[in-house]
Every structure is written in C-alpha cells, then in structure tokens.
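Number of protein chains: 2
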Amino acid sequence: MAATAPLDDPRFGLARTARLPGPLRLDGGAFLAPVEIAYETYGTLAADGGNAILVCHALTGDQHLASTHPRTGKPGWWTRMVGPGRPIDPARDFVICANVLGSCMGSSGPASIDPTTGAPYAMRFPVITLRDMVRAQAMLVDHLGIGRLRAVVGGSMGGMQVLEWAATFPDRVASAVVIASAPRHSAQNIAFHEVGRQAIMADPSWRGGNYYEHDDPPAAGLAVARMAAHITYLSEAGLTEKFGRRLQKREAKSFGFDADFQVESYLRHQGISFVDRFDANSYLYITRAMDYFDLAEEHGGLLANAFKGTKTRFCVVSFDTDWLYPTSESRAIVHALNAAGAQVSFVELSSPFGHDSFLLESPALEAVIDGFLKAGQT
Amino acid sequence: MAATAPLDDPRFGLARTARLPGPLRLDGGAFLAPVEIAYETYGTLAADGGNAILVCHALTGDQHLASTHPRTGKPGWWTRMVGPGRPIDPARDFVICANVLGSCMGSSGPASIDPTTGAPYAMRFPVITLRDMVRAQAMLVDHLGIGRLRAVVGGSMGGMQVLEWAATFPDRVASAVVIASAPRHSAQNIAFHEVGRQAIMADPSWRGGNYYEHDDPPAAGLAVARMAAHITYLSEAGLTEKFGRRLQKREAKSFGFDADFQVESYLRHQGISFVDRFDANSYLYITRAMDYFDLAEEHGGLLANAFKGTKTRFCVVSFDTDWLYPTSESRAIVHALNAAGAQVSFVELSSPFGHDSFLLESPALEAVIDGFLKAGQT
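The listed protein sequences correspond, in order, to chains A and B. If you're matching positions, the first sequence starts at 1 in the UniProt record's numbering and goes up one per residue. If you're matching positions, the second sequence starts at 1 in the UniProt record's numbering and goes up one per residue.
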C-alpha cells in the first residue's frame, strides 16, 4: 500500500510524498522499509505514459526543480531548463524530480524516524549507494504507473544517477542526458569529500550523529564542509573574474582576521546559508554514496559492460573549466558508450564558471538539451 | 644587543636563536620587539662573506633544512637540495635557513611570550606580511655580518619571500631562485586558506586563540585545515597514481564511515600528524600573510616596478601539474622580470606530483638549480 499526499499548489509544481512499503534491498545488504520519497511533478502524464521525464538532482539539490524552495524562498534550482518554452516543458512533458534517498527534504534519510525505535535513524541509517537511490526512484516511477521514461536527465551527481538508470534499467530509459559528471569518483573527489566529512565529525555538536534532539546541530562543521566543496564547484578563472583580490567594504586591508577579501565573505556566506537548508548527516551519507560510485566496478571492471546492448540514446555534456568532473571523465563515459555500440552525442561546452556551469545560464547547454530531447520524440 | 645561543651539534647544522632588539616596524603599522629568529646554518662563512645562501621555507616548513627535525625525528625537508655534493653544498656555501616570523619553531609568533604581558601573544600578535618576514630575515643577515647574499632560494611561500627579497633589498641579492611560486595569491588560493582558517576558528578548543594555557589545542580544526590544504599540494593525476580508488586493508567497502579508501586514510594521517608539529594560531597568521601577498600592489600596481633596475639574476621554475601555483603564475613573474630588463632563466619542469614536486626527488630541478648557482659564481 502506498499513500500519496498532495502538499502544494497543484497548478504548477505538485509536491507529494510517496510512502512505499518496500522493503528495498540496499547494495550494502540492509533492507529499508518503508521507503519515503518526496517528489514534485510538473505537467500531466499522457494517457500512454510516454511523456515522462525524470530529472535527478545533485549532492545538495532537492525535488524543488522549478518551484519555490520552501525553506529558502528561492526559485527552483533548474528553472532555466524546466518551464514554459524551456527544453523540458510541462506543457508537453510530465516532469518528475525526487529528493534522493539519504537526503533531508522529505525522502528517507538519517533524519527520518526509524520505525523500529521511533527515533531518528541518525548514523543507524544504512549506508547507501547511487544505485540504491536509483532503485528507490524506480519504485516511485512504478508507483506513478510509468513503465518507460522518455528521458532521464541530470548534472553532477544527477548525471551519475542517469548513468545508473541506464545501466540498471536499460529498458526503462529512452534517452539519457549526463551533464558535468563522471563514471566514478576519483581519488581527488574522494579526498575533498573526506575533508568535508571530517569537518562535520570534528564538530563537537555532531555528537556521533545524535544531534536531532538538541537544538544545536553541527553547523560550524557543515559550513566548513560546504566551503571546501564550494571551491571545487567554481573555476580558478571564474573566482578571479568574480572576486579577484577585491577587498570587502574596505579601502585597505584590516590586518586582522575578518573577511577582508570579497571571496572570503562569499565563501563564509555559502557555508552559513547552507546549514539552514541541509542536514549534516545527510551530507555524510550522500558524499559517501558518491565516493562509493564506480560504475565500471559494478560491471566487472569494464565500463562498457554497463551499457552492453543498450537501446538508450545518450547525450553527454562537459564544461571546459570544470575541474571537479573534467571533460576527460565525460570522454571516458563516451568511449565506453562507443565500445558498447550505443547511440551517443557528446559536446564539451565553453564556460568560465567551472562545474557550476550546468546550473547557471547557458544558452548553449539549453540548445543542446532541447535538440537532443526533440530528436528523441516519437 | 643580540645574543646568539648554539643549541645543536655544531658539526653539521648549527641551530641557534637570535634575539634581536628591534623594534621591527611591520607593514600593518605595529612595532615588534624583541624579534626572535630561530635559524640553522650549514658550512662556514667565507672571510669576504661572499658565500652565503639564504633558503626560505614554505608555509609549514621550518629552519630544519638539512638536519633532523627535533619533534618528528624526520630528516630535514630539503636534503635533496642541500648537502654534500648537492646544488647547495655546505662544503662551499654558508647556508642559512630561518624560521619565518609568525611561525612556531622558535621565531617570534603568536605562541611567543608578549613581553608587555608575560603571556603568549595569541591573537594579540600583530598580523604580518611576507615582506615583514623578509625584513626580519634581513635583520638576521645583518646580525650575521653578511652584506650581500650569493643567493636567496625558495619554493612556494619560500619563492614569494625570494621575490620580496629581490624587490625590497635588490643590492643584497646576487641570485634569486623562485620555485613553484606566484607573484600574488589568487582568489582560489585565498579561498582554500579561508576554509582552513574557518576550520580552526570553528573548533571550540581554539577559544579565540587563547588555548596555550589549556592542554587542549584546536587539533581537530587544524587537522581539517591541513587536509584541505594538502589536496592542493598534490595533482589529481598524482593522487590517482598513488591511491586511485584502492581500499584500505579491506577486501570490500565497509558501508560505514571508517577510512575505506587509502586516500582517506592518507589524508587523515596528514591532518593528525600535522597537529603534533604546528601551532594553529601560526597557521592563521602565515596563511593571512600569504593571502595579503601581492607584489604588484606593493609597487604601484605594476609587477615590473618591483624589479626596476635590478642587477639580480633570476631563475624561475614551475611544475606542469602544479595547480596551486600553476605555470601561468611563474610566467607572470618572468614577464615582469623581462619588462624590467632583468636577467632571468625560466623552465617548466614535468612532474606528476603537483605543487609538492619541489620537495620531492627531482633530478631535473637539482640540475637546474645547480647549473644556475654555479653560473653565478664569481
């Protein structure tokens, strides 16, 4: 039995939570039940179910794809890609975006109540993988009565989920769009995440993850984690263009430890505002899932095996200044797809803004996605 | 009046501390007195004083250039460059290496006793600049009775000091060797340092810097700062070669938050071992000095002005995988030196190890330095 509760204005952006009985068998061996998935939909599902597009979000993203975020009051994170006249258009497409397993915006995660104890799971929540996230999404897609998705689309960790969708449920994905992503986490990717985890776990307010009953979450540690990660989302040239060595509200250096430079102030703001919308334990679990991600390893060590015999059409996009998931990672995906005989188009776009480019205004990206999705329409 | 106390075996590596009366006028406007400088010398000063080479250390370096570190028991940090038969050879050269102002290995810094209070300075220590560090070194060179240095040599922050030496005391530097360095700190450089500072200051044990009387320094925060910085010292390719996604002492992933990957374990070790040898407040002060560094700004906004009319010979070396101070930064130095009509040789060396290459075995680097220093001998 699954219950569906509408929580939002149904005219545009219908926010719901599906409580799926499960159990979901996880890659780590544990079983999760129930599986709660908070999601939004936009548009109307066609009678034949053939117009569904699933959008997968990134590490700190959420289901508020194109509607106002309830905590921050900011517009959805991908209104440039999803909306009237946009490449993904609710007038034509039935768009689904689900908060990933392990996150903190309504889907099952460490802040959820463990039914066996009546208290939040905290660190008793099972460690999950990106494939587990995708399996949970597939349960949601089942629940919505959709067999095959017209497209699965995502950037960064969202792109990794797209790859997992195509590898795990090849018959359910007509088209796959993988933006600014990678087929596995590199040693440097793991290293940056480990810094963030250590920053959180070093915060005495973390209390081994059991901070939910206290009004004192590990905000300082989570802010430092976010600051370190945020640097990796931007390019050196982008930071120089945006901030350079410009001073903050001062004519001269303070010869103190306040935020003298604009870039310091910006980073501090990024850290502080993040803790208002994100759960520290969720940050631990999702970064862990990303670090565990290695699609080739899941398929006998050969990436091409993940796509053997696939009928899915692929579109792979990278950005030239992205040093978190550089173009070489996208090329590795494309080489594997070529080796598997898959239909794939690949483009490296030019942008000064590094990894974050996929979230920013990019007419070139919109044109690529629009053309690719339109060409896949039947 | 200056006192000199030998502290070590004088046969090789003579460790001393000079207590110079000062006052030293700092760039921030404060006066520092006395100025204590812990340093080591190797070899014998020639009668004409013409064989002195000053080596400048990096952010977390120290004066233990080629002798055993008293706390870690490890060999000196640049035995590959300094020693018998090495490019800098105590049999020929009189080698000086001084702990920088603001550090914690015996030179005046936040852990030093403030003579006006009898307690450690902590955050009452004045904020310093790289030029202040160099001025303090010049006081030491005066104290040693040396007018002109045969060479000033350094990598990373050491290279920045070499640039300050050449710009501030052009008549006292015959040859300058600038390795893996930059003429100013970029927005990204500042951003990484700010993460480290915030990690330290977020640690409750930091106590606003007043932790010296407690047996509980901000070790967790300092370890996180070191971990974040350490990633920037290595290349992505070097991390992949050294660790890749190899697991730590386990056949399979733990599905937990222990250090599953070797790179996690390595980083944690880097963080933990660092706190045994470094003072958190010194880390704040030295990173601040580096972030303030902008040689062009100190010279009317034009880098070439810093070297106008210089007679110093320059050797500039970068490494192709160094993304902390990439080759483009060395090129900016070389262009300015060219514009100033200076004598300069420049080489980009190939190494897989990123910024840290200057500290690692590099026959090519040794050959470059050896040739450059020999060509400068009179």
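None of these hints come from the bench; they were simulated from the model. Take these hints with a grain of salt, some might be off.
Stated by the list, open to error - Quick list of in silico lysine to any residue cross-link-like pairs, SDA-like style, CA-CA up to 20 angstroms:
no.	chain 1	residue 1	chain 2	residue 2
1	A	Lys74	A	His269
2	B	Lys253	A	Val275
3	A	Lys253	B	Met123
4	A	Lys253	B	Ala296
5	B	Lys311	B	Ala219
6	A	Lys253	B	Lys374
7	B	Lys249	B	Thr232
8	A	Lys249	B	Lys242
9	B	Lys374	B	Ala339
10	B	Lys249	B	Ala219
11	A	Lys253	A	Ala237
12	A	Lys253	B	Arg268
13	B	Lys242	A	Leu59
14	A	Lys374	A	Arg80
15	A	Lys253	B	Lys253
16	A	Lys253	B	Asp294
17	A	Lys253	B	Lys249
18	B	Lys253	A	Asp294
19	A	Lys74	A	Leu59
Outcome of the hint check:
{"no.": "1", "hint": "Lys74(A) x His269(A)", "result": "holds, 16 angstroms"}
{"no.": "2", "hint": "Lys253(B) x Val275(A)", "result": "violated, 29 angstroms"}
{"no.": "3", "hint": "Lys253(A) x Met123(B)", "result": "holds, 17 angstroms"}
{"no.": "4", "hint": "Lys253(A) x Ala296(B)", "result": "holds, 15 angstroms"}
{"no.": "5", "hint": "Lys311(B) x Ala219(B)", "result": "violated, 46 angstroms"}
{"no.": "6", "hint": "Lys253(A) x Lys374(B)", "result": "violated, 41 angstroms"}
{"no.": "7", "hint": "Lys249(B) x Thr232(B)", "result": "violated, 26 angstroms"}
{"no.": "8", "hint": "Lys249(A) x Lys242(B)", "result": "violated, 44 angstroms"}
{"no.": "9", "hint": "Lys374(B) x Ala339(B)", "result": "violated, 25 angstroms"}
{"no.": "10", "hint": "Lys249(B) x Ala219(B)", "result": "violated, 26 angstroms"}
{"no.": "11", "hint": "Lys253(A) x Ala237(A)", "result": "violated, 23 angstroms"}
{"no.": "12", "hint": "Lys253(A) x Arg268(B)", "result": "violated, 34 angstroms"}
{"no.": "13", "hint": "Lys242(B) x Leu59(A)", "result": "violated, 27 angstroms"}
{"no.": "14", "hint": "Lys374(A) x Arg80(A)", "result": "holds, 17 angstroms"}
{"no.": "15", "hint": "Lys253(A) x Lys253(B)", "result": "violated, 48 angstroms"}
{"no.": "16", "hint": "Lys253(A) x Asp294(B)", "result": "holds, 12 angstroms"}
{"no.": "17", "hint": "Lys253(A) x Lys249(B)", "result": "violated, 49 angstroms"}
{"no.": "18", "hint": "Lys253(B) x Asp294(A)", "result": "holds, 12 angstroms"}
{"no.": "19", "hint": "Lys74(A) x Leu59(A)", "result": "holds, 18 angstroms"}
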